[in-house]
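Novice: Spelled out, the chains give:
Protein chains: 2
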Amino acid sequence: MLYLIGLGLGDAADITVKGLQAVKRCSRVYLEAYTSVLTVGKEALEEYYGMELILADRDLVEQGADQILKDADVTDVGFLVVGDPFGATTHSDLVLRAVHAGIPYKVIHNASIMNAVGCCGLQLYNFGETVSLVFWTETWRPESFYDKICKNRTAGLHTLCLLDIKVKEQSIENMMRGKKIFEPPRFMTVSQAADQLIQIIQRRRGEGEELGMTEDTVCVGVARLGADDQTIRTATLRQLASCDLGGPLHSLVVTGRLHPLEVDMLRVNAEPDALQHLHMIDSSTYCS
Amino acid sequence: MLYLIGLGLGDAADITVKGLQAVKRCSRVYLEAYTSVLTVGKEALEEYYGMELILADRDLVEQGADQILKDADVTDVGFLVVGDPFGATTHSDLVLRAVHAGIPYKVIHNASIMNAVGCCGLQLYNFGETVSLVFWTETWRPESFYDKICKNRTAGLHTLCLLDIKVKEQSIENMMRGKKIFEPPRFMTVSQAADQLIQIIQRRRGEGEELGMTEDTVCVGVARLGADDQTIRTATLRQLASCDLGGPLHSLVVTGRLHPLEVDMLRVNAEPDALQHLHMIDSSTYCS
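Sequence lines, in order, name chains A and B.
Going by numbering that gives the first Met the number 0, the residue at position 131 of the first sequence is 130; the numbering climbs one at a time, nothing skipped.
Going by numbering that gives the first Met the number 0, the residue at position 33 of the second sequence is 32; the numbering climbs one at a time, nothing skipped.
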């Protein structure tokens, strides 16, 4: 049996009881380590489970799937994913390979940012399409996520923005030289994401485009959701561009139309400097 | 401390280790029992935790919140919610009351249908706004969810349809007589939901409206997600109208534009009679 086990968000104790029981049954367990991270590392999980884990990077999952699935028809193999196992496309691929090899699989679900973000005070059923922000390079500065955010806002909906993670990336130079030297991991911060959005807004304003959001749009920055030191900051986009929410992972929510109950909840988690802007929402249209 | 603890989907062992530890610390624990249900009842949870639970119906949560929060500043009180604690608006209200009473709260997240539905093979970031279907009555037959589904489909997005739950409902007669007699609980099935959608489609077709979906649109019915006997059936809306997916809870997904990997995943879970329709998708536009 192949067990795809969600680890949830936070630390080792966020696994479900069912998930932990499955881990203990497995003869080998992989830890997927490139689409998300917990606030604790591999060693902390190993100590918690009392067993060694095999780190599964992108290469192993995408090219070495046969290795992961080896003997999984006669023994139990675990595949641990931060959040829920179906947060990333790449795991569908692993399931398909298992199915085609006649290996049974079982999914043990857990919280992911896609539902846990509800704790910021915004109702999950008021969210539109989720978008991803990638690190811009000199030559690649995609803006399609901005249009999706504006489309959601036009429909009154909030947008969850998932922020880029780069682990085990090679520089172009090292890649061309065939050197297996990896850059330090990078995790996009709320501040970096807000800065990208502001750059897009300013460029489009310069071109006379009608804007679907501005620097004053109320947003919510969340960091390390589910961990003891989770941080939720409600503020304008401009304010978030200069905030420091600490270590990874970060996510950003751009609000759409706000219901009074949502405003009340946002206020609970708002930093003092953002309260003023929620007051503004209160006295105007519930949609900055 | 007020602990809002997600139970996940399925049975008692779907609670997280952190959640179970919190339950054991609490001097009293409420079980929210009107927005969702597990495949096991209160008694099974009580046996699992080794303690008694207090059933929290809508009346208690909405009108007796003070009772739930009583002494929570000096002792630990647990509030168990099927899925994730922030799936339902009503729990935001409980949090707000706690905050205003100066009671600290902590959320222990878990899987909810909003993210676990990814196991049907459709990518979570290809979902648009979530909709709710309520049981129609003689005089109240809302159709707004249909328009939202069509709007999502136009944008190429899938739609998760949450299906109505009626627990502890009074008949109008008993309510008027002030009799505390409650109707048996009702859970909308995939078949009932598909039937409502077909009625809307047929009515609008009769009025010459251009249709955003038809009886042949590929949908996915899911039942008891996360439980050992979970059922996932990919089929046309028409086929789902006559299917029996067994006991609650059910949810329905209406597909939007399908990515080839999504088609492959849907095929894994497709009943034989639906395979043919996925072949049709394959050879046409990836959007029925």
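Possibly wrong hints are sitting among the right ones.
The list makes no distinction among identical chains, and a pair is therefore deemed to hold if it is satisfied within one copy or across any two copies.
In silico SDA-like links for lysine to any residue, alpha-carbon gap of 25 Å or less [stated by the list, open to error]: (1) K150 with P184; (2) K150 with M0; (3) K105 with H258; (4) K179 with T153; (5) K105 with D243.
I should point out that these hints are in silico values taken from the structure, not numbers from a laboratory.
Novice: Now look at each hint and say whether the structure bears it out.
Specialist: Against the structure, the hints come out as follows:
1. K150 with P184: Intra 32 Å, inter 39 Å, cutoff 25 Å: neither.
2. K150 with M0: neither (43 Å within a copy, 40 Å between copies)
3. K105 with H258: Cα proximity of K105 and H258: across copies only (23 Å, versus 39 Å in one copy).
4. K179 with T153: neither (46 Å within a copy, 45 Å between copies)
5. K105 with D243: between (39 Å within a copy, 23 Å between copies)
When the structure is compared with the earlier hints, violations turn up for hints 1, 2, 4 and for no others.
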